[in-house]
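Here the protein sequences come in this chain order: A and B. Per this note's numbering, numbering of the first sequence is gapless, rising by one per residue and ending at 751. Per this note's numbering, numbering of the second sequence is gapless, rising by one per residue and ending at 289.
Computed footprint of chain B on chain A; a stretch qualifies when at least three of its residues, placed anywhere within it, have a C-beta under 8 Å from a C-beta of chain B:
(1) 506–518
(2) 539–545
(3) 579–591
With a straight-line Cα cutoff of 25 Å, these simulated DMTMM-like cross-link-like pairs (lysine to aspartate or glutamate) come out:
(4) B:Lys86 <-> A:Asp623
(5) B:Lys25 <-> A:Glu626
(6) B:Lys86 <-> A:Glu626
(7) B:Lys86 <-> B:Glu168
Only part of the chain B face toward chain A is listed, based on derived beta-carbon distances under 8 Å:
(8) Gly44
(9) Ser48
(10) Ser49
(11) Ser68
(12) Asp121
Calculated from the structure, these hints are not laboratory results. For each residue, glycine too, the CB sits at the ideal point set by N, CA and C.
Here are the chains, one letter per residue:
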Amino acid sequence: MNAPLSFQAFQFALAHHLRSTRNAGRPAGVAPRRAGIYRELVRNNLEGFLLACFPVTRTLLGPHRWQRLVNVFFRDARCHTPYFREIPREFLDWLLTTEALPVALPAWIGELAHYEWAELAVDVMETAAPQDCAADSDLLSNRPVLAPALMNLAYAWPVHRIGRDWRPRKAQATYLLVFRDAADAVQFVQLNPVSARLVALLQAEGLTGHAACLRIAGELAHPNPDALLMHGAQLLNQLRAAGAILGGTHD
Amino acid sequence: MKSAVISGAGLGFRRELIPALKAGVPDAVSFFELAPENWAGMGGSSARDLRLFTERYPFVCHGLSLNLGGPSPLDESLLQRIKSFMRQHDISLYTEHLSWCGDDGHLYELLPIPLTHDAVRWVAERIRRTQDILGMRIGVENASYYIAPPGAEMTESEFIRAVIEEADCLLHLDVNNIVVNSINHGFDADDYLHALPLERTCYIHVAGHFVEPDGLVIDTHAAAVIDPVWALLDSAYARCGNVPACLERDANFPALALLGNEVAQIASIRQRHADMFSGVSTQVAA
Numbered sequence: 501m502n503a504p505l506s507f508q509a510f511q512f513a514l515a516h517h518l519r520s521t522r523n524a525g526r527p528a529g530v531a532p533r534r535a536g537i538y539r540e541l542v543r544n545n546l547e548g549f550l551l552a553c554f555p556v557t558r559t560l561l562g563p564h565r566w567q568r569l570v571n572v573f574f575r576d577a578r579c580h581t582p583y584f585r586e587i588p589r590e591f592l593d594w595l596l597t598t599e600a601l602p603v604a605l606p607a608w609i610g611e612l613a614h615y616e617w618a619e620l621a622v623d624v625m626e627t628a629a630p631q632d633c634a635a636d637s638d639l640l641s642n643r644p645v646l647a648p649a650l651m652n653l654a655y656a657w658p659v660h661r662i663g664r665d666w667r668p669r670k671a672q673a674t675y676l677l678v679f680r681d682a683a684d685a686v687q688f689v690q691l692n693p694v695s696a697r698l699v700a701l702l703q704a705e706g707l708t709g710h711a712a713c714l715r716i717a718g719e720l721a722h723p724n725p726d727a728l729l730m731h732g733a734q735l736l737n738q739l740r741a742a743g744a745i746l747g748g749t750h751d
Numbered sequence: 004m005k006s007a008v009i010s011g012a013g014l015g016f017r018r019e020l021i022p023a024l025k026a027g028v029p030d031a032v033s034f035f036e037l038a039p040e041n042w043a044g045m046g047g048s049s050a051r052d053l054r055l056f057t058e059r060y061p062f063v064c065h066g067l068s069l070n071l072g073g074p075s076p077l078d079e080s081l082l083q084r085i086k087s088f089m090r091q092h093d094i095s096l097y098t099e100h101l102s103w104c105g106d107d108g109h110l111y112e113l114l115p116i117p118l119t120h121d122a123v124r125w126v127a128e129r130i131r132r133t134q135d136i137l138g139m140r141i142g143v144e145n146a147s148y149y150i151a152p153p154g155a156e157m158t159e160s161e162f163i164r165a166v167i168e169e170a171d172c173l174l175h176l177d178v179n180n181i182v183v184n185s186i187n188h189g190f191d192a193d194d195y196l197h198a199l200p201l202e203r204t205c206y207i208h209v210a211g212h213f214v215e216p217d218g219l220v221i222d223t224h225a226a227a228v229i230d231p232v233w234a235l236l237d238s239a240y241a242r243c244g245n246v247p248a249c250l251e252r253d254a255n256f257p258a259l260a261l262l263g264n265e266v267a268q269i270a271s272i273r274q275r276h277a278d279m280f281s282g283v284s285t286q287v288a289a
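Using the sequences plus the hints, can you model the full thing?
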């Protein structure tokens with residue numbers, strides 16, 4: 501970029517001042533009261549978007565650590581999204597990738613924040629119209645069609661149980677399927693490692709239920725593939741009843 | 004059903020208002036306005052709700068994040084998305100703030116542009132590029148501001164006129180912002196209004212604001228419209244012709260009927276001036 505024009509030097513100086521958590525570096529000619537209004541406006545705006553997405557994270561961190569995090573995020577990170585609903589994603593990325601965070605955090609806080617973000621992300625996810633399928637078709641012999649707004653998430657911690665009254669002491673692998681049902685309400689289903697793998701295969705490769713189950717049987721060197729097929733059929737029907745699978749297609 | 008042409012008086016389309024709007028849109032509301040940054044690229048129930056209303060009413064896009072006065076490169080992918088969103092919902096007017104909202108990252112707040120010749124050229128060039136991408140003229144809004152950046156080479160109304168002429172764009176006139184700024188910066192709102200290139204007005208904003216204990220006025224869009232703003236709207240309509248106007252209400256929502264009353268008041272001020280204009284033209288024709 502070329503050297504900034506002189507009016508831009510003022511813009512950089514003012515932005516730098518607003519981002520700074522300390523009251524230093526106010527550009528010449530700017531009254532403290534007026535600069536203070538802008539600091540308050542930008543800070544409250546930003547925090548409002550984050551609070552709407554991360555209520556549990558905020559509660560468990562407590563006001564001091566939360567505000568310190570938000571302040572340092574605002575000072576150090578650069579949000580590039582013009583869309584307000586994506587500000588929480590920018591915060592999450594910063595939280596997950598910054599090595600020296602300004603406060604000590606529980607090991608599970610990043611995953612908890614991700615889980616909170618996933619609910620918002622699935623709620624507003626833009627999707628193509630779902631593939632045509634028959635709602636009542638057999639899900640083993642056909643290709644199951646997943647709800648278009650869906651995330652198949654794996655966590656090291658039981659993030660869905662964390663709350664004001666319970667925090668995990670040790671890690672426990674946790675698989676959660678987050679999706680929008682036919683009424684566009686966000687739903688959560690807990691999966692086990694095998695069922696999570698099954699959903700991943702359906703999502704990535706568009707296999708029939710039968711082919712996906714056999715693939716898994718091979719991966720696991722399962723002694724009894726027929727039993728796995730039976731469990732697989734049950735699971736697929738349960739996911740259909742929950743709204744995560746819309747039906748099946750043979751196209 | 005709906006006409007794509009924006010006319011009359013409208014209301015800012017907010018998620019908080021949707022349940023009440025579904026129960027019944029006040030009669031005075033003839034269009035809605037939305038921020039594309041809140042609605043473009045959205046799926047799920049919000050998208051369905053929006054579609055329900057864009058099928059029945061014309062909408063205006065009023066942007067928040069384009070950063071027309073900012074130092075970073077113009078966000079052309081945002082503009083492409085706005086363009087397809089406008090096509091998708093049959094929207095024909097897009098306006099943005101004559102302000103900046105980020106350095107090398109977004110600040111998500113509108114900040115005043117220093118009133119210099121360089122800034123006029125910089126902003127006008129970005130508006131021209133925006134118009135090229137969208138394939139239409141856009142309106143730029145006189146913003147509210149709490150800091151008058153040092154080093155001004157012209158007055159704010161001269162700045163606005165220079166930008167609008169150099170960019171060949173339209174004026175989105177915000178009468179509440181003029182009242183807010185006139186109090187915070189000590190100038191006469193009516194004089195300021197009449198120094199603007201009002202002949203370029205495409206659209207008007209009306210809103211309420213908040214007064215801090217020390218008298219500083221904050222442009223919150225979270226209170227009822229006050230009399231000086233109504234009076235300035237009246238003055239504006241005496242000069243601007245029959246342009247549409249919209250009530251902005253972003254927080255602290257009262258019953259929808261009260262917002263409907265404010266929209267009706269906009270419509271009646273506009274209509275009174277429209278009648279006067281048509282009276283004049285009838286006389287001339289006779």
